[in-house]
Amino acid sequence: MGVEGQVDIDVGKLVAAIRQMHDEFPYPGGPDNASPFKKVAQFVCYFVALKPIGTPLPDWALGELGSHNAVARSNAVMALAIAIKSLEGATLQWHNGESRTVTLKNRISLSRHSFFDIADALTSISPSASFKLVSVLFEQMAYKTNPDCQYPLE
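So in the working numbering, spot 126 of the sequence shown is number 126, and the numbers just go up one at a time.
Wrong hints could be hidden among the right ones.
[What the hints assert, rightly or not] Straight-line distance between alpha carbons at most 20 angstroms, and here's what the computed SDA-like set of lysine to any residue pairs gives:
1. Lys13 - Thr123
2. Lys51 - Val11
3. Lys132 - Leu50
4. Lys51 - Ile84
5. Lys105 - Leu92
6. Lys105 - Gln93
7. Lys144 - Thr91
8. Lys105 - Ile82
9. Lys13 - His95
10. Lys132 - Ala121
11. Lys144 - Gln93
12. Lys13 - Thr55
13. Lys105 - Ile84
14. Lys13 - Thr91
15. Lys105 - His95
16. Lys13 - Phe43
If you're looking for bench data, these hints aren't it; they were derived computationally from the structure.
Assemble the whole structure, with the sequences as input and the hints as a guide.
Written as structure tokens, this is what we have:
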């Protein structure tokens, strides 16, 4: 069961996640030239892998996930929530024969059920194996609520 009102955060693991997500960024242009989707994907992968949250979140915050594997799920829930908030208002460079800057004006919107299903799926990701898939997941979720920002459908 979750600890009401108190969550143990290992600051060392949090700093390591931030440092590693930058130092080991798997995009040729590095983090400075990467899309916001790649940046949040890298953050989520390292946050989930290093698990800086050491105590389960309260049951209400884990929703349908329940208490099984609660620490891993707590880290996935927090990483997903942070990523969604981080993408709100983000800008990206659009290159497809023309170059323009687009802004993700609308926050990613998910049903409660989808949010917890995605968080549950994220519990088993790793930075080396999951970066691309997690990046595309965030990209497609953002385009769902910001259709004017995606590349033309072919």
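Hints the structure violates: just list their numbers, smallest first. Checked against the structure, the hints that fail are numbers 9 and 14, while the rest are satisfied.
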